[in-house]
Amino acid sequence: MSTRSALALAIAFAGAATLAAQSPRFGVGRPPTPDEVRGLGAAIAPDGGGLPEGSGTVAEGRTLYAARCASCHGPNGEGGGVGAALVGGKGTLATARPLKTVGSFWPHATTVWDYVNRAMPFNQPGLLKPEEVYAVVAYILNLNGIIAEDVVMNASTLPTVKMPNRDGFVADPRPDVGLTNPRKPKP
Amino acid sequence: MVDRPISLTMAEIQRLPSITRTLVLECGGNSAGEWAARTGPDVQRSYGLVSCSEWTGVPLATLLAEVGVQRTASWVIAEGADACRMERSVPLSKALENSLLAYGQNGEMIRPSQGYPLRLINPGWEGNTNVKWLHSLKLTNQPYMARDETSKYSDLMPDGKARIFTYQMEAKSVITFPSGGQTLPGIGLYELSGLAWSGKGKIERVEITIDGGRSWVAAQLQEPRLPIALTRFRMPWRFDGREAVIASRAIDETGYVQPSREDLVAARGGNSIYHFNGTKFWRVQADGTVTNVDA
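Chains as they are written, first to last, in the working numbering: chain Z, 1 to 187; chain H, 1 to 295.
Excised from the complex, chain Z in its bound form:
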């Protein structure tokens, strides 16, 4: 079997009220170390939970984007052969050719931070430092006309960004088809 470091399963999070005074049934595992929890990366909640310290500007993001992102996503976020379009598509979601971008579709700016941080750049995911992620997210939001040139992105400002399609998602109503009884099969 493999080692703990590769396979650590950390069920972590601090909270308040307990459901019941349960005791472990098998007593397996041990408390994760702070390094282990850090090593698992930061999942970012829509309310900004998990966002690290640091900040980034649109101008910083513009430079970074040109160096790290434009080769796939196009010079202005219009998309390319490899990377999806990040900009545009406003007003297309209800048409026969919807263009789903950060600006037209993504409901939370925190998701952009989370995804850039964990998955970009495509050839070296995890490369960017927190302030670089803030900067490139600021630039992408600015390209979409969502934030102004002088707005700084950090753990306080990012969760307050109102995305254009924030209210564009609805709960799953299925089964919406498939409920009619089919003709009885012949015996």
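Derived by calculation from the structure, the hints in this document are not laboratory data.
Predicted model, so just to flag it, every value in this text is computed and none were measured.
Where is the CB? At the ideal position from N, CA and C, for every residue including glycine.
There are no misleading hints in this set.
Simulated coverage check for chain H against chain Z, where a stretch passes if three residues somewhere in it have a Cβ under 8 angstroms from a Cβ of chain Z:
| id | segment |
| --- | --- |
| 1 | 6-16 |
| 2 | 77-87 |
| 3 | 246-258 |
Covered stretches of chain Z (in silico footprint by chain H; criterion: 3 or more residues with CB under 8 angstroms from a CB of chain H, positions within the stretch not fixed):
| id | segment |
| --- | --- |
| 4 | 38-47 |
| 5 | 94-100 |
| 6 | 106-112 |
| 7 | 115-125 |
| 8 | 163-173 |
List of simulated lysine to any residue pairs, SDA-like, C-alpha gap at most 25 angstroms:
| id | chain 1 | residue 1 | chain 2 | residue 2 |
| --- | --- | --- | --- | --- |
| 9 | H | Lys152 | Z | Glu78 |
| 10 | H | Lys152 | Z | Gly145 |
| 11 | H | Lys152 | Z | Val82 |
| 12 | H | Lys161 | Z | Pro159 |
| 13 | Z | Lys90 | H | Arg147 |
| 14 | H | Lys200 | Z | Pro175 |
| 15 | H | Lys200 | Z | Val170 |
| 16 | H | Lys152 | Z | Leu128 |
| 17 | H | Lys161 | Z | Asp47 |
| 18 | H | Lys132 | Z | Glu36 |
| 19 | H | Lys152 | Z | Gly41 |
| 20 | H | Lys94 | H | Lys152 |
| 21 | Z | Lys129 | Z | Arg38 |
| 22 | Z | Lys90 | H | Gly270 |
| 23 | Z | Lys162 | H | Phe165 |
| 24 | Z | Lys162 | Z | Gly145 |
Start from chain Z and add chain H according to the hints.
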């Protein structure tokens, strides 16, 4: 949001009480191309993103009891150890119902491409939620609105709104013989056969048409029929040298009937991408060649 956060080795996980389940696993985007037209030329390229395996592992509920889930928790954020650390939000109710921390597949350790050494298995849910190379589970009071549950794996409706957290895979079937790309060598008796499955339980019935959907007859089902598992169906059929347009439709134990493509498009438009489970028609031509119906 747990009383006792824990770090576990694989050896520790494998000493916990385990179960084995046979389960279908289908990509949420299987048959995505059929939203536009039923032009998938063969089974693999139209309905092929599905598999069925015997999974062995520890019920997630066992570990949740172990850590002591607090009252405020309602979601589990699962993260993989791939380069992009793919993450999905899973409702706590599902995790407690039947999610599995699987380390075995078909009697051996899960292979690297399938998520070695540990994979989250969510029975009956779209494949993407079955996070491979699982290395972290985090209890939260909200979904994290990850890229793969907002930008991807949400279903865009004609009004421009997108359905979110559409985890459930519904009943589906496809005739595998005769099917696109195959050729019947001549007139005579054949055994028409295919696969049916549902993310919601057992397959109750499968019906087959050989006249383009005008009439349907019940097929024989291979036993045992397991819930959320591929079920083979069969029917003897005499090909008389005249063109036949054939299809199957599955009915699961909840009474859900696999819909037609027309029903799906009428309800959801053509921009959904995911969760296409419409009936698949094949055209058996007079010379025995088999093709898709929407050329």
